[in-house]
Every structure is written in C-alpha cells, then in structure tokens.
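Trainee: To convert, note that position 4 of the sequence shown is 4 in UniProt numbering; the numbers rise steadily by one, no gaps.
Simulated from the structure, these hints should not be mistaken for lab results. Any given hint could be a false lead.
Result set (SDA-like, lysine to any residue): computed pairs, CA atoms no more than 20 Å apart in a straight line [as the list claims (entries may be wrong)]:
#, residue 1, residue 2
1, K41, F14
2, K41, E64
3, K41, L19
4, K57, R67
5, K57, L43
6, K41, R24
7, K41, S63
8, K41, T17
9, K41, S15
Computed beta-carbon distance windows for the label pairs [claimed, not checked]:
#, residue 1, residue 2, range
10, F29, L59, 30 to 38 Å
11, F23, G58, 53 to 61 Å
12, M32, L59, 23 to 31 Å
13, F29, L49, 50 to 58 Å
14, A56, E35, 43 to 51 Å
15, L59, R24, 33 to 41 Å
16, G58, P38, 55 to 63 Å
17, R67, A21, 25 to 33 Å
18, P22, A56, 20 to 28 Å
19, G70, P22, 27 to 35 Å
20, V26, E52, 27 to 35 Å
21, G58, T17, 31 to 39 Å
22, G16, E53, 32 to 40 Å
Glycine included, every Cβ here is placed at the ideal spot set by N, Cα and C.
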Amino acid sequence: MATITSVDRTSNGFSGTALLAPFRAVGRFMIMLAEASPQMKALNRLSQLSDEELSAKGLSRDSEVRRILGGAAAV
1 MATITSVDRT SNGFSGTALL APFRAVGRFM IMLAEASPQM KALNRLSQLS DEELSAKGLS
61 RDSEVRRILG GAAAV
C-alpha cells in the first residue's frame, strides 16, 4: 500500500526574496539608466554594422569605439 504525504510549509513572515527585492530593483534601475545613455545607443548601432559596412565608410570598429567612449575607452 502506498502512502502520499503532503507537507505544507507556511511562511512565518520572513522571506529572503523580500529582503533582496530592493537590491534587485536598484540593479534593474541602474541597468535601465546605462542602456538609455547616448553612448550605449551609439555602441548598439555600431554593433549592428558589419566590418564591411564600416570599411566602406572608411572607419574601423576600434576607432569608432574610441570615438564613442572618448577617454573611457583607454581603460
């Protein structure tokens, strides 16, 4: 004869996900800000171009990244 046991784990009010929720929200907000920046939009447009398209315009991917990021590209 088989017996099936069901365990009901009711919460005592403490939830790890509730503690992490504000940190996740801040992280999502920071990612949203970074993705909305003009630099990120320009990098996304650059990534959609092929190397052939860039060379036809007389550009290189490396030089365009440096132009878009400015001094931050030296890192």
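Trainee: Hint by hint, note whether the structure agrees.
Mentor: Structure-based check of all given hints:
| no. | hint | in the structure |
| --- | --- | --- |
| 1 | K41 x F14 | violated (41 Å) |
| 2 | K41 x E64 | holds (13 Å) |
| 3 | K41 x L19 | violated (33 Å) |
| 4 | K57 x R67 | holds (15 Å) |
| 5 | K57 x L43 | holds (17 Å) |
| 6 | K41 x R24 | violated (23 Å) |
| 7 | K41 x S63 | holds (17 Å) |
| 8 | K41 x T17 | violated (32 Å) |
| 9 | K41 x S15 | violated (38 Å) |
| 10 | F29 x L59: 30 to 38 Å | holds (34 Å) |
| 11 | F23 x G58: 53 to 61 Å | violated (46 Å) |
| 12 | M32 x L59: 23 to 31 Å | holds (29 Å) |
| 13 | F29 x L49: 50 to 58 Å | violated (30 Å) |
| 14 | A56 x E35: 43 to 51 Å | violated (28 Å) |
| 15 | L59 x R24: 33 to 41 Å | holds (39 Å) |
| 16 | G58 x P38: 55 to 63 Å | violated (23 Å) |
| 17 | R67 x A21: 25 to 33 Å | violated (40 Å) |
| 18 | P22 x A56: 20 to 28 Å | violated (49 Å) |
| 19 | G70 x P22: 27 to 35 Å | holds (33 Å) |
| 20 | V26 x E52: 27 to 35 Å | violated (41 Å) |
| 21 | G58 x T17: 31 to 39 Å | violated (52 Å) |
| 22 | G16 x E53: 32 to 40 Å | violated (48 Å) |
Hints 1, 3, 6, 8, 9, 11, 13, 14, 16, 17, 18, 20, 21, 22, counting from the list given before, are not met by this structure.
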